[in-house]
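**Q** Given next are the chains, with one letter for each unit.
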Amino acid sequence: MFKHLSLRCIDLGKVKLQKNKLEICVKYISMRRFKQMSLAVSLSMGVLAAQAQAPAAAPAPAWKQGMPEAMANSTLAPLAGKLTVTKAADVPINRIKLPPGFKVEVWADSVPGSRAIAQGDGGKYYVGTRPLGRVYEITDNGTTRTSRVVIDKLDQPTVAYKDGTLFVISVDKVLRFDGIDKNPTVAPVDLTAKFNLPPEKHHNWKYIAFGPDGKLYVPFGAPCNICEPPSAEYAQIRRYNADGSGMEVLARGVRNTVGFDWHPVTKELWFSNHGRDWLGDDTPNDTMHRLKVGGHYGFPSCHQGNLPDPDVKKAKPCDGIEQPVALMGPHSATMGVTFYTGNMFPAEYRNVLFNARKGSWNRTKKIGHDVVMVRADADGRNAKVEPFMTGFSNEADQTWWGRPAYLHQMNDGALLVSDEQNGVIYRVSYSK
Amino acid sequence: MTLRSKWRALAFLGVAILAPLFSAAQKPPARANMCNACHGPNGNALLKDMPSIAGQPKVFIENQLVLIREGMRDIPQMKGVLNNVPDSELTELATYYAGLKIAKPPVQKQTDLYNKGELLSKEMRCGICHLPTYEGREQMPRLAGQREDYLLYTMRAMKANQAVGRDPIMIASLYGISDEDLKAISHYQSRLSN
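Sequence order for the protein chains is A and B. All residue numbers for the first sequence refer to the working numbering, where the first residue is 1 and numbers rise by one. All residue numbers for the second sequence refer to the working numbering, where the first residue is 1001 and numbers rise by one.
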C-alpha cells in the first residue's frame, strides 16, 4: 500500500508538480490512508508535504460522487444480482420478443453470473463472471451443453482466447492457460507483473478481446462515478502484445467501456461506454464510439461529446473531444458489442452492430434490459438505434426479469446472448 | 364421492392452502441448527460481534451464503462449513431467516449518541440503498435493530479494507469517516425497530 501510494504521487509529480494536482491526489485517498500518504508525500516531495497536510476533505464515496442535494432522498440503487443457479425451465423465455423469423432458446443454463463469452476450440466456450469470481468452460457437443469451472476465487474475471490459449484478466490478475484445448487442467502462467494493472477496483472489472492485429485490448475504467482520476492510468483503452509487452495507450477520457468489437470493413474498434450517474433521468447518455488512436473521449469534464460536467469543471470541456457514433440511452448500461458477419441472418443484418444493454438503475423509469441494433455508415455517420431482442422488462409496471450482457456470433451465424441475471446463455437463430 | 373422502379432500385442500403460510415460519431447514449455534435462536444473535440474520432481506442472505461458500467472502469461523451445499439449500436458508422477526432492540439509549447517529445516517445517505427505514432490501442488508457491536465491528472492518469479498461501493461509502462517527451510527441504527 505504502509503495503504490508513493508511486502514485511520484507519478503525479512527474506529470507536472502543481498544487492542485497534489490536492486531487490527497483528496482522493481516504483519511485512513492519510498518514501514509503524508509520509509518502513528505519523503518524495519534501517541501510540498506542508501543503498536503492542509485538512483534506474526505473523498465522496465512489458512487455518490457528484450526487446533488436534490437527489438526497432518492432510493435509486444498483439492481440486485442473482448468484444462484437458474434452470432453463425457470426462464420465462416466451416473454422474449424478436423480429419475425428469429427464434430464441436457452442454449446453456446453470452458469450463474455469466457475462462475456470467448469461443475456444472443439465446441468449447469460456465465460467470465463478476461477484462469483468464476470462469466457466461450456462444452457444446452439438445438441447439449455441459459446463465446468476452470478457475474461481478471482476478482471479477473476464476472458479472451487465442491459438489454443485462454487469457483471464481480473481486477488484479492476468492469467494465461497455455494449450487448454489439449490440456484442460493446465496450471495458469501468472502474467500479472507484465501488465502493470492500476490498483483501484471500482470500474476495473473488464471486457478484453484480441484485435485483428493480434494484440490484446484492455480497458481501465475510471475508479469512481465522477472524479478527476487519481492518476493518469485510468479511463483508458490500451493494447498489449499477448505476453504483456509493448503496452500502448490508445484512448483517454473513457469512463467505463465494457464492450467492443472491430468493424468488419474498416477494422476500426467500436466501443460502448457507460455515462456517469446522478445527473438526472435523461442525462448523460451511454454512448457508442469509434476508436481514434490518441483520441480523448471527455471523461471527467465532458459527457456524450457535448455535455459539460457540473462537478469536474474546466474551460471549454468539450473542445477536441471525440464525438459518439450513437447515443445509447441515459443510464442504460450499454455492454457487449458484436458486429454481425454471419450468413444465417437476412442480408440486412450484415455488418449491423448488436449491443446488449443491461438495464438502468440510476433512473426513475427503466431503460435497457434488451439487445439493440446500431445501423450506421462505416464511418459512423447516420447511426440509428433500433430494438432487436426485448421483453426482459415491462414498461407498464416497471418490473424486469433479465439482463442481457454480452453477445457472441457462433460459427453457424447464430447469436449467443448472455443473461447475467439468470446465469443463462440464449441462442438466437433465424430461419425463413 | 363419500362423505369421508369429501372431508379428506377438504382437509387436504386446507393444508395445501395454509401450508405455504406457515411452513416458512414453522419448519426450519435442516441446517438452521448449525446457523443458530452462532447467530442465535431464530437468527437473533446473542454473541458479541455476531450479526443477527433474522429479518434480513432474502437476496442479501442468499448472496452472502453463496459468496462465503465460494470463498469470495472470508469469514474464518465459517470456512468450509458450506462446502458443497447446493444453491437450493442456501436459498431455503435465506428464505427461512428472511421470514423470521428480528428481536426488539434494547430500550436504553444514550440520547446524544443516538441523535448524532441519526443525523450522520441521513448525511451519509445510508437510506438511499438501505431504505429510509434502514430495513434493507434485496442485496442491501437490514441495519435497523442489528446488534450495535456487530454494526461497529463490520463497518470498522470495511473502513480498514479488511472485509474481503464485501461490496466495494459500501466500502467506498466509509472513506474518511471517524471511529466516533461509526460508534454513533451503530448506536442509532441498532435501536431502530420496525
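Don't read these hints as lab results, they were simulated from the structure. Please read these numbers as outputs of a predicted model, since none were measured by experiment. Just so you know, not all the hints are guaranteed correct.
Computed Cβ-Cβ distance ranges for the label pairs, DEER-style [unchecked claim]: (1) A:Q398 - B:N1033: 56 to 64 Å; (2) B:A1030 - A:A396: 37 to 45 Å; (3) A:P308 - B:G1080: 50 to 58 Å; (4) A:K384 - B:S1193: 48 to 56 Å; (5) B:I1075 - A:K103: 41 to 49 Å; (6) B:C1038 - A:V149: 26 to 34 Å; (7) B:M1034 - A:G246: 18 to 26 Å; (8) A:P264 - B:N1194: 55 to 63 Å; (9) B:A1030 - A:Q398: 36 to 44 Å; (10) B:C1038 - A:K384: 29 to 37 Å; (11) B:Q1077 - A:P264: 25 to 33 Å; (12) B:N1033 - A:T341: 52 to 60 Å.
Here are a few chain B residues that sit away from chain A, every Cβ distance over 12 Å (derived from the structure) [stated by the list, open to error]: (13) K1027; (14) A1032; (15) C1038; (16) Q1110; (17) K1116; (18) H1130.
Note that the Cβ used here is the ideal one computed from N, Cα and C, for glycine as well.
**Q** Do M1034 (chain B) and G246 (chain A) keep their Cβ atoms within the hinted range of 18 to 26 Å?
**A** violated, 53 Å
**Q** So does C1038 (chain B) sit 26 to 34 Å from V149 (chain A), Cβ to Cβ?
**A** holds, 29 Å
**Q** For H1130 (chain B), which was marked as not at the interface, is the minimum beta-carbon distance to chain A over 12 Å?
**A** Contrary to the label, H1130 (chain B) does not stay out of reach of chain A, its closest Cβ about 9 Å off (not over 12 Å).
**Q** Take the C-beta atom of C1038 (chain B) and the C-beta atom of K384 (chain A), compute their distance, and say whether it sits inside 29 to 37 Å.
**A** Given range 29 to 37 Å: violated, Cβ gap about 58 Å.
**Q** Is the distance from the Cβ of N1033 (chain B) to the Cβ of T341 (chain A) consistent with 52 to 60 Å?
**A** Cβ of N1033 (chain B) to Cβ of T341 (chain A): about 57 Å, so the range 52 to 60 Å holds.
**Q** Within 55 to 63 Å or not, the Cβ separation of P264 (chain A) and N1194 (chain B)?
**A** holds, 57 Å
**Q** Just checking, C1038 (chain B) versus chain A, shortest CB gap more than 12 Å?
**A** holds, 22 Å
**Q** Within 36 to 44 Å: is that where the Cβ-Cβ distance between A1030 (chain B) and Q398 (chain A) falls?
**A** holds, 38 Å
**Q** Look at the Cβ atoms of K384 (chain A) and S1193 (chain B) and judge whether their distance stays inside 48 to 56 Å.
**A** Check passed, 55 Å falls within 48 to 56 Å.
**Q** Could you tell me whether the CB distance from I1075 (chain B) to K103 (chain A) stays inside 41 to 49 Å?
**A** holds, 45 Å
**Q** For the pair P308 (chain A) and G1080 (chain B), does the Cβ-Cβ distance stay inside 50 to 58 Å?
**A** Holds - the Cβ-Cβ distance for P308 (chain A) and G1080 (chain B), about 53 Å, lies within 50 to 58 Å.
**Q** Are Q1077 (chain B) and P264 (chain A) spaced within 25 to 33 Å by their CB atoms?
**A** violated, 55 Å
In the structure shown, a violation is registered for the earlier hints numbered 1, 7, 10, 11 and 18, in ascending order.
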